[in-house]
Every structure is written in structure tokens, then in C-alpha cells.
Amino acid sequence: MNEEFLAQFRNHIIFPTWWQRINPLSKFVFCLCVGIGAMINSVWWYAATVFTFCFVTLISIHKLRNVIVPLIVLMGIPGIITTIVRVVSHLGDVGPVAFMLFGTPIPVTALQSAAAYFYMMGTFLIIMLTYFVGMEMRDICYCLENQLHVTSTFTFMTLSAMSSITSVIATLNTVTESQASRGIETQGKWTVRLKAIMPTLFPVIISSLTNVENKTLAMDARAFAVKGKHTSLRRIKPPVASDHIWSILGVAILIAIIVLKIMG
Amino acid sequence: MKKINKLALILIPIGVAINFVCNLVFGNLTGHMVIGDSIGTVLVAVTCGIVPGMLTGLLSNLVSVAAMPVMIFYAPINMLYGLIAGLLARKLIFKSFGKTLATAPVYALAGGTIGTCITYTMMQGEFSGSMANVLIAMPLYAMGIPKLMSMIAGAVVFDIVDKICVMVIVLLVIKALPDRFLIKLPGAKYVVKKAQTTKSDLDDE
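Here the protein sequences come in this chain order: H and D.
Here numbering that gives the first Met the number 0 is used: position 4 in the first sequence is 3, and no number is missing along the way.
Here numbering that gives the first Met the number 0 is used: position 19 in the second sequence is 18, and no number is missing along the way.
Read the hints as simulated data drawn from the structure, not as lab findings.
Some clues are possibly wrong.
What the hints assert, rightly or not - DEER-style ranges, computed between Cβ atoms:
1) H/181 <-> D/94: 31 to 37 Å
2) D/105 <-> H/137: 23 to 29 Å
3) D/147 <-> H/104: 24 to 30 Å
4) H/230 <-> D/130: 45 to 51 Å
5) D/182 <-> H/137: 31 to 37 Å
Stated by the list, open to error - Once the Cα atoms are required to be at most 20 Å apart in a straight line, the calculated EDC-like pairs of lysine to aspartate or glutamate come out as:
6) D/5 <-> H/138
7) D/183 <-> H/212
8) H/236 <-> H/138
Built from N, CA and C at the ideal position, the CB exists for glycine as well.
Take these sequences, add in the hints, and give me the full structure.
If you want it as C-alpha cells, here you go:
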């Protein structure tokens, strides 16, 4: 058991799924290029291809639910409002009418504009959310440090920011409960909650800032300022040829999309 | 690059967390009319300097990408807030309540213009579903004002409200922080009043 435990720090991490096993940076290049491609050329066939790829990937790694729920949240109400806004802004367009709604002609261009939004935003969101499935920020930071030679200070700040968010939210919950027990109304109408912002948010911000000194001492005690290469608890396998293929594929797709757009 | 002070190094992640939490609290409460996601950026820029402020802005958007991928495109705006706040702090703006509030339109104009240009490009010249577009930009567009200009006008008006709230909170936080903490930060001379510093020093002694 101890040998197994120690081996996980000595050897490269073995991820359980094929999607996680792709180098994080190569995968990021692929996903970002595909996502930007959707923004440049928002057409149905491109959106359908990317959605199919993401669905197949997510089903194969059993994470479909982890992406679909956030996608619905992100695209739900904002998507509906944007669709209405786009349709309304195109109401006066001259051209063929798609259908009549309560006596108002809805032009084809209005529907095309609304559909383009879904192709564009939906595709970008699903590919980026698929990227982050099963991905830990520390793995991305590790790759940034080892492959792109980003400074350890920057990766420390990124990871520290992630952990700070969790701790500040925990503090916010504690302070909210404490203030509620002191008689400050923190629930109810929005005006009531607005009044409670200052008594809850202020102690959180002030305590987060003043705790910084303790953290600095802790960092000094752990020799943070010492020069030299920093070690890491997790080791990610360096990129191999198959990883580079993903990056090249992503860039090729983006170039093809740009060329298609220019050629009309 | 100039070495970042160790306290500033820790304050940057805290600034990111403050941005995230304030966005969560204000966004939910006001229906994203007040966003509040630049409170930490301005706070760090004022107390630690321009570079830490801009880094806070950049990291705030980068760590939000996992939950809201489009935030990656808006990172320059938050960095710009850090830059403006750092520059204004050097002019001793944050020592006066009135002057601080008066700078809110500067942030709003810069952020609103660049943010709208990013959205306009992303949306391929179409309206998005934001409240600024629905309540201000679309009526202006219907009155014959060009689409981009009406979108910028809407964003700037909404940003002014947001930035006034941000400035008030930042100023109150700075006033609430003890001087003995503030003087350890690189930007102390821009926020701590000399008379107060002397008095607290004497008290400490």
C-alpha cells in the first residue's frame, strides 16, 4: 500500500479516460481553435459536427451530465433573451417573411440571426466545457510551467486564487449566518438582501485582506522565496506525437474556417 | 519585470476571490445590473500598484473560464481597470471620497467601449441579450442611432452605476483597513494620510 502511495508521486499520473490522457495544453489549443472557429463561421453543419464530437466524447468518458447541465444554465435564459432581442431588432428587415406572429411578419433574416447565435455560442460553450471535464487547474498550471516555462509565481497565484475563492465563499457563508443570528435580515425581498450586503460583505473582504500577513509568514516558513526549480506533487506525462496532432488539427480547422469565411 | 512585493503576491489571489464573490453576490441580487467583478482588481491596484492590479484582472477572468468560458475574451477590460486604478491612485485620487466617485465615468467609458467592441465583434454585429442592450441600446437604435454607438451608450450607462458601487466599496474598505496593515503595502503612500500614519505609528510605539 505504501509503495503504491509513493509510486503515484514518482511516476507520471495515469488518467482513467482517453480524453483526460491528452496533454492539457495540446487539448486547450484544439478546443480553443474549434471554439473560435464557431465564432467566426456560425453555420449549422459546423455546430452539428462539434456537438456530435462533444457528445460522443462525453458519453465515452461518462461525463455527459457534467457538461449538459452547465450548458443549459449558460444558454437557457440568456439564450432566450438574446433570441428575442435579435428577432425584434430584425423585425423591420425587408425580404422574405418566415411566418406571421400575432399579425407581425417575422422575416427570415431574424430567424437566421437567432439561429446563428445558438450555433456560435452553443458550440463555443460546449467545446470549452468539454475541455474542462475531468481537468484540474493544477495540471494545466504544471504543463504551463514545464512546457511553456511560465514562472512558478504565476502558477502559484493561479492555484492560490482557486483555493482563495473556496475559502472566501466559506467565510461569506459563515459571516452571513453569524449576522443573521445577530438579528440582521439576510433573506427575503431583494431590498432586504441589499441592505444586508454591507454587514456581510465587509467583514469578508476585510478579514481576507488582513489574513494576508499570516499567509506571508507561512510562505516564508516553507521557503517560498528560495531560488531554484520548484518540485510538484503531480507529474504529467510530457506531450507525445499524438498530443501534437490535436494541436495541429485544431489550428488546421481554424485556418480552414477562416479561408471558408473569406471565400464566402 | 519588477519583482512583486510578497504581500502583493498574496493579495492578488485574494483580489481574484473578492472579484468572484462580489460578482456572485451583486450579480444575483441586482440581475447583473451591478456586476461588482472589479472590486478586487481596483483594491489591489490601489494598494499594491499597476502590475499587481492588472494581474488580478487577468487572473479573475482566467479562473472564471471553467464556469463561464466567454470570460476569456473580456480579460483585457479587467486588466484595463487595474491599469486605470493604479494610475489614478498615483494622482492621490483615492484619498478623497468625492474625487474617487468622480472617476467612475472614466472606468465606465473605457470598460463600456472596449467591452462593447468585444461583444460586437463576437456577436458579429448583432445585439446580445444584456439588460443594457434591451433597456437602452435597442430604443436608441430604433431612434436611428448606429448600432455600435447605441450599444456603447447602453454599456457605459450601466457601467457607471456599477463603477459607482465599486468605488464606494473600495473606498470604504480602504478606510476600514488599519493603517499599520496598509503601510506595509507598496501603494501605502497613495492611500494613507500622512497625519494618520504618524498618529498610528506613535500609538504603536
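- prompt: Taking each numbered hint in turn, which are not upheld by the structure, reported in ascending numerical order?
  reply: 2 and 6
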